[in-house]
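There are 4 protein chains.
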Amino acid sequence: MRTNRLEAFSDGVLAIIITIMVLELKVPTGHDLTDLVHTTGVGLLTYLLTFVYVGIYWNNHHHMFHLVRQVSGGVLWANLGLLFCLSLFPLTTAWVDDSRFRPTPVVIYGLNLLSAAIAYFVLQATIIRQQGPASPLRQAIGADIKGKVSPVLYVAGILSALLIDRSGRIGVGLALACFVAVAIMWVVPDRRIDRVVQQHEAPD
Amino acid sequence: MRTNRLEAFSDGVLAIIITIMVLELKVPTGHDLTDLVHTTGVGLLTYLLTFVYVGIYWNNHHHMFHLVRQVSGGVLWANLGLLFCLSLFPLTTAWVDDSRFRPTPVVIYGLNLLSAAIAYFVLQATIIRQQGPASPLRQAIGADIKGKVSPVLYVAGILSALLIDRSGRIGVGLALACFVAVAIMWVVPDRRIDRVVQQHEAPD
Amino acid sequence: MRTNRLEAFSDGVLAIIITIMVLELKVPTGHDLTDLVHTTGVGLLTYLLTFVYVGIYWNNHHHMFHLVRQVSGGVLWANLGLLFCLSLFPLTTAWVDDSRFRPTPVVIYGLNLLSAAIAYFVLQATIIRQQGPASPLRQAIGADIKGKVSPVLYVAGILSALLIDRSGRIGVGLALACFVAVAIMWVVPDRRIDRVVQQHEAPD
Amino acid sequence: MRTNRLEAFSDGVLAIIITIMVLELKVPTGHDLTDLVHTTGVGLLTYLLTFVYVGIYWNNHHHMFHLVRQVSGGVLWANLGLLFCLSLFPLTTAWVDDSRFRPTPVVIYGLNLLSAAIAYFVLQATIIRQQGPASPLRQAIGADIKGKVSPVLYVAGILSALLIDRSGRIGVGLALACFVAVAIMWVVPDRRIDRVVQQHEAPD
Numbered sequence: 005m006r007t008n009r010l011e012a013f014s015d016g017v018l019a020i021i022i023t024i025m026v027l028e029l030k031v032p033t034g035h036d037l038t039d040l041v042h043t044t045g046v047g048l049l050t051y052l053l054t055f056v057y058v059g060i061y062w063n064n065h066h067h068m069f070h071l072v073r074q075v076s077g078g079v080l081w082a083n084l085g086l087l088f089c090l091s092l093f094p095l096t097t098a099w100v101d102d103s104r105f106r107p108t109p110v111v112i113y114g115l116n117l118l119s120a121a122i123a124y125f126v127l128q129a130t131i132i133r134q135q136g137p138a139s140p141l142r143q144a145i146g147a148d149i150k151g152k153v154s155p156v157l158y159v160a161g162i163l164s165a166l167l168i169d170r171s172g173r174i175g176v177g178l179a180l181a182c183f184v185a186v187a188i189m190w191v192v193p194d195r196r197i198d199r200v201v202q203q204h205e206a207p208d
Numbered sequence: 005m006r007t008n009r010l011e012a013f014s015d016g017v018l019a020i021i022i023t024i025m026v027l028e029l030k031v032p033t034g035h036d037l038t039d040l041v042h043t044t045g046v047g048l049l050t051y052l053l054t055f056v057y058v059g060i061y062w063n064n065h066h067h068m069f070h071l072v073r074q075v076s077g078g079v080l081w082a083n084l085g086l087l088f089c090l091s092l093f094p095l096t097t098a099w100v101d102d103s104r105f106r107p108t109p110v111v112i113y114g115l116n117l118l119s120a121a122i123a124y125f126v127l128q129a130t131i132i133r134q135q136g137p138a139s140p141l142r143q144a145i146g147a148d149i150k151g152k153v154s155p156v157l158y159v160a161g162i163l164s165a166l167l168i169d170r171s172g173r174i175g176v177g178l179a180l181a182c183f184v185a186v187a188i189m190w191v192v193p194d195r196r197i198d199r200v201v202q203q204h205e206a207p208d
Numbered sequence: 005m006r007t008n009r010l011e012a013f014s015d016g017v018l019a020i021i022i023t024i025m026v027l028e029l030k031v032p033t034g035h036d037l038t039d040l041v042h043t044t045g046v047g048l049l050t051y052l053l054t055f056v057y058v059g060i061y062w063n064n065h066h067h068m069f070h071l072v073r074q075v076s077g078g079v080l081w082a083n084l085g086l087l088f089c090l091s092l093f094p095l096t097t098a099w100v101d102d103s104r105f106r107p108t109p110v111v112i113y114g115l116n117l118l119s120a121a122i123a124y125f126v127l128q129a130t131i132i133r134q135q136g137p138a139s140p141l142r143q144a145i146g147a148d149i150k151g152k153v154s155p156v157l158y159v160a161g162i163l164s165a166l167l168i169d170r171s172g173r174i175g176v177g178l179a180l181a182c183f184v185a186v187a188i189m190w191v192v193p194d195r196r197i198d199r200v201v202q203q204h205e206a207p208d
Numbered sequence: 005m006r007t008n009r010l011e012a013f014s015d016g017v018l019a020i021i022i023t024i025m026v027l028e029l030k031v032p033t034g035h036d037l038t039d040l041v042h043t044t045g046v047g048l049l050t051y052l053l054t055f056v057y058v059g060i061y062w063n064n065h066h067h068m069f070h071l072v073r074q075v076s077g078g079v080l081w082a083n084l085g086l087l088f089c090l091s092l093f094p095l096t097t098a099w100v101d102d103s104r105f106r107p108t109p110v111v112i113y114g115l116n117l118l119s120a121a122i123a124y125f126v127l128q129a130t131i132i133r134q135q136g137p138a139s140p141l142r143q144a145i146g147a148d149i150k151g152k153v154s155p156v157l158y159v160a161g162i163l164s165a166l167l168i169d170r171s172g173r174i175g176v177g178l179a180l181a182c183f184v185a186v187a188i189m190w191v192v193p194d195r196r197i198d199r200v201v202q203q204h205e206a207p208d
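Chains as they are written, first to last, in our numbering: chain S, 5 to 208; chain R, 5 to 208; chain X, 5 to 208; chain C, 5 to 208.
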């Protein structure tokens, strides 16, 4: 099994996830700037954050599959697992937005981010196991420091929102700071994979 | 006619079906975990089941078209027939969810699953007839035991929901058990096709 | 400019049009079969008709672009014109459905079908003009009898719904019979194009 | 990194943006032509304008990437920035429509158009910088007169809606005239790029 249809299908699902979120943004009922800010403003920020996250997953997925030539049934299902976790982003983002950053929705959003990170890790591990000892993907990710720091930050964010100052804003603010920090960390593309891709890439 | 556009179009439709279902999941109106469980909880389970089903159809479609080089008009329409049946999944899933597993919606969901299985069988038979006596697809599916067991289980599930304990939960529970059993049976990918694909696959 | 991105983009738009219509189908509020028939039944039939129409346009588009190697800016815009007309199908289908086949919505649905047929004709003519005197597409469509009969039937349907028995069902029934007749006429794939494709198709 | 997945993903997002806007068009509640005109008429015009804009961006994106062979991480993110701006079109279009062309929504629509133009410019500049001094894209765009006139017209339109006759129709009319003028200017495809593409295009 080659990877082209898996990539095309994943691109389709990610393109839809990243775009349908805009359907959750409410059109202001009034006609003034204050209506826009009050009705859509908060939603726009969470939309932007989730857009960046889906963009990161698309970029990383794109990089990763440059090092994959063959896919097994296990990889197909690990990939669907990742898509399932990502497909819940519009729902959890809309809940955070509707609740105006109440602790529980922020915790659930963090758990959604964490589940996607775990699903990505499972996909990566499935590919590496399939590729065997000379796996170019294993070589490319190296120590995978970002991949290890991200879940720690997600858990820190979730615990902040759960435990610190539940009736106030501090815990939620710390949680969002953690989630934004992970996004910023990943926006910088992974140069190691770029390097290994240049060495390993087979001509089409 | 080559298969690449048929595959791309089918991938697009399946990607949309699998993703728009999340638009049917209701965002909780309250801000607590109990709101999430009450509003979205049941929907999440049926979403997961239908997601797995669409994933199975995508996987099988993907495997099947590895053995197809040319498509006739008949195959195009048999494929559209399958996509039509699958496109009703979001509707029937939402009804099961809204009704909290009442017998009639569960029966209709089962009939939808059955119609998709029949449409897939028709597509498979159309391809085999077009490929002629040396059909690699016929060779690959062999006795097609899973393909024969699935409709039997669907019918068993439909009859359970129709006939057993309509005011209680037993019939519906049996029906759902049948539908989950078919999904589990198919999640394991079909090794026979993998084997024939390796033998027959033409270089691109 | 090669055709692959134009085809991919058109496939994407057609896949979305054919799939989002299901979002317009209402989930029954009750839990019985009569609720399904009353709430969703009519919509299901018009959904099926429009699904078949979009399927026909996809098939014909697919066949047509097998004979096209290069696209100019004019072809890109003629193609977008066709996609625009097709993108209104979910709206006009939903209106016919909501109004339970009242004459005006049926007329507007017929005008939508007619506009798509004209846009398809314009796209075809733009390609033929670009290909010059030895155009394989011109050769393939020949006398284009189906292409000439379809708009006549659409106009006949529109006039029936407009003029005959506006308070009753006869005019609308005739109109729908015309629209269904066009669909049936096109579901049979165009063997002439298949033949010319086999002669002209350049190896990729 | 080759460009094929970036193109496929962008095509997917643009196909969804251009198509989901039709979901924002309201189905008339009555069954007469006046209901259609009142409920959907204005929306149809703004839908058409935005459809043309998305079509222009797709065409230009398509042309531009004919001159790109390799994409860096910076190009991926510049491209996602453009897609983000374009993904807000359904929202701002719906607001203009709901408000029946009140000044503030028209200004926001203009800012959305301007932001997309800036994002496109950033993407173009990122590619040119990556391609180095012999950049075929720089050569193709030349003086980029259209690219420089467009933001001027957007700003003129925004200022008209902001400053002129806020309680009447003149300022908004001038703004819409500016936005329509930019669209007309771009619908004519860019012959210079066509010419350079023919010279530079690498065989696949």
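In case anyone wonders, no lab produced these hints; they're calculated from the structure.
Check each hint, because a few of them may be wrong.
It does not matter which identical chain is meant; a pair holds if it fits inside one copy or across any two.
[As the list claims (entries may be wrong)] Distance condition first, Cα-Cα at most 20 angstroms in a straight line; then the derived SDA-like pairs of lysine to any residue:
(1) Lys30 - Gly77
(2) Lys150 - Gly77
(3) Lys30 - Cys89
(4) Lys150 - Trp81
(5) Lys30 - Phe88
(6) Lys150 - Leu167
(7) Lys30 - Arg106
(8) Lys150 - His42
(9) Lys150 - Asn64
(10) Lys30 - Leu115
(11) Lys152 - Met189
(12) Lys152 - Ala181
(13) Lys150 - Gly45
(14) Lys150 - Ala121
(15) Lys150 - Gly78
(16) Lys150 - Arg173
(17) Lys30 - Asp102
(18) Lys152 - Asp169
(19) Lys150 - Arg73
(20) Lys30 - Phe105
(21) Lys152 - Ala187
(22) Lys152 - Ile132
(23) Lys152 - His35
(24) Lys152 - Gln128
### Query
Can you name, in rising order, the numbers of the hints this structure does not satisfy?
1, 6, 8, 13, 16, 18, 19, 23
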